[in-house]
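Taken in sequence, the protein lines are chains A and B.
So the first sequence is numbered by numbering that gives the first Met the number 0: it starts at 0 and just counts up by one.
So the second sequence is numbered by numbering that gives the first Met the number 0: it starts at 0 and just counts up by one.
Just so you know, the hints here were simulated from the structure itself, not pulled from any lab data.
Mixed in with the good hints there might be a few duds.
[What the hints assert, rightly or not] Each pair of labels, with its calculated beta carbon distance range:
no., chain 1, residue 1, chain 2, residue 2, range
1, B, Val99, A, Glu96, 29 to 35 Å
2, A, Glu96, B, Val94, 25 to 31 Å
3, B, Ile153, A, Leu94, 23 to 29 Å
4, A, Thr2, B, Gly133, 26 to 32 Å
5, A, Glu96, B, Leu141, 39 to 45 Å
[Claimed, not checked] Partner residues aside, some chain A positions facing chain B, computed with beta carbon under 7 Å:
no., residue
6, Leu3
7, Ser4
8, Leu9
9, Asn26
10, Met32
11, Ala46
12, Val59
13, Val62
14, Thr66
Backbone N, C-alpha and C fix where the C-beta goes; we use that ideal spot for every residue, glycine too.
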Amino acid sequence: MLTLSHYLILSLLLFSIGVAGVLTRRNIIVVLMSLELIFNSVNISLAAFSYYLHSLTGMVFVVFNITIAAAEVAVGLAILVCVYRRRRTTNVDELDELKG
Amino acid sequence: MMEQVFFYIFSIIAVISAISVISARSAVRSAFYLIITLMQVAAIFILLRSPFLAAVQVFIYVGAVMVLFLFAVMVLDIGREKLVAYMHHQSVIAVPAVIVFFIMGAYMIIRGGWNVSNAGFPEAALAKSSEVIGKEMFGRYLFPFEVVSLVLLIALIGAVALVLRGREKDKQC
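Please model the entire structure based on the sequences and the hints provided.
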């Protein structure tokens with residue numbers, strides 16, 4: 000019997016892998032992909048809660064979440080292209096102008 | 000029982016390819032592993048009885064977002080940076096911290112007593128979940144829907160404006 004805990008553990012596992020990717024990778028595109036992993040883990044837990052708590056609000060929320068994720072990727076990759084044109088790098092260690 | 004087998008198949012493939020996303024050396028391989036993970040998440044959505052979400056996941060994530068990522072990889076010419084060490088030096092600290100975070104979270108989930116059963120979920124509502132989602136979205140959630148569409152429009156205009164202005168500045172220099 001599948002319970003809510005199964006889906007939450009899967010969601011937590013994908014979230015942890017995404018956080019590990021954000022913290023360990025140097026290529027900023029792969030960092031953005033790890034952010035997508037985190038988004039997906041949140042979507043899984045929202046859908047699981049909506050299924051097990053008998054409420055369709057979670058499903059509607061997942062649709063909104065996916066839309067916002069698409070907008071975020073569009074803006075993020077546009078910023079990335081601009082940064083690459085100016086700095087000629089995608090290494091997160093070299094993008095430290097704001098550090099002061 | 001059958002459902003459990005499929006859940007384990009989908010989640011094991013998803014987790015393995017997610018680990019491959021963050022450990023693959025080239026960004027193109029990461030993108031393709033991410034496509035596999037997103038497809039498995041779509042399958043998980045089908046296990047949660049929401050085929051509409053699975054379709055949206057495949058259309059938007061695999062169809063739009065990943066194509067955008069592959070375009071970015073192509074434009075940014077990542078290939079020549081493969082020789083640089085691809086892992087950050089702080090991963091020695093970060094990976095154990097994330098593992099500890101996962102263990103704590105899993106402990107909380109397992110011991111938290113969230114074992115709600117889905118007994119009594121109306122099968123009729125499951126059979127037409129797409130219809131119900133559509134009615135909810137254009138009924139009770141009409142205002143958030145409009146706001147989200149506006150956000151999407153602003154994001155697309157912003158992306159185009161960013162890239163266009165950057166190119167003009169490049170020509171001036």
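message: Take the shortest C-beta to C-beta distance between A/Val62 and chain B; is it under 7 Å?
response: For A/Val62, the interface hint holds, since the closest Cβ of chain B sits about 6 Å away, which is under 7 Å.
message: Quick check: does the Cβ-Cβ distance between A/Glu96 and B/Leu141 fall within 39 to 45 Å?
response: Given a distance of about 43 Å, which is inside 39 to 45 Å, the answer is holds.
message: Against the range 26 to 32 Å, how does the distance between the Cβ atoms of A/Thr2 and B/Gly133 compare: consistent or not?
response: 29 Å, holds
- prompt: Under the criterion of a CB-CB separation shorter than 7 Å, is A/Met32 in contact with chain B as hinted?
  reply: Holds: closest Cβ of chain B sits about 5 Å from A/Met32, inside 7 Å.
query: Is it true that B/Val99 and A/Glu96 lie within 29 to 35 Å of each other by Cβ?
result: 32 Å, holds
message: Quick check on a hinted range of 23 to 29 Å for B/Ile153 and A/Leu94, using CB atoms only.
response: 25 Å, holds
- request: Verify the interface restraint on A/Leu3: the C-beta must sit less than 7 Å from at least one C-beta of chain B.
  value: With a minimum Cβ separation of about 5 Å from chain B (threshold 7 Å), the hint on A/Leu3 holds.
message: Less than 7 Å between beta-carbons is the criterion; does A/Thr66 satisfy it with respect to chain B?
response: Result: holds, 5 Å to nearest chain B Cβ.
- request: Against chain B, run the beta carbon of A/Ala46 and see if the smallest gap drops under 7 Å.
  value: With Cβ-Cβ at 5 Å, under 7 Å, it holds.
Status of the given 25 to 31 Å range, CB of B/Val94 versus CB of A/Glu96: With a Cβ separation near 28 Å, A/Glu96 and B/Val94 satisfy 25 to 31 Å, so the hint holds.
- request: Tell me if A/Ser4 is really an interface residue toward chain B, meaning its C-beta lies closer than 7 Å to one of theirs.
  value: Where the cut-off is 7 Å and the nearest Cβ of chain B is about 6 Å from A/Ser4, the hint holds.
Satisfaction of the A/Asn26 interface hint, Cβ to chain B closer than 7 Å: Since chain B brings a Cβ to about 6 Å from A/Asn26, closer than 7 Å, the hint holds.
Hint check: no violations occur; every hint is consistent with the structure.
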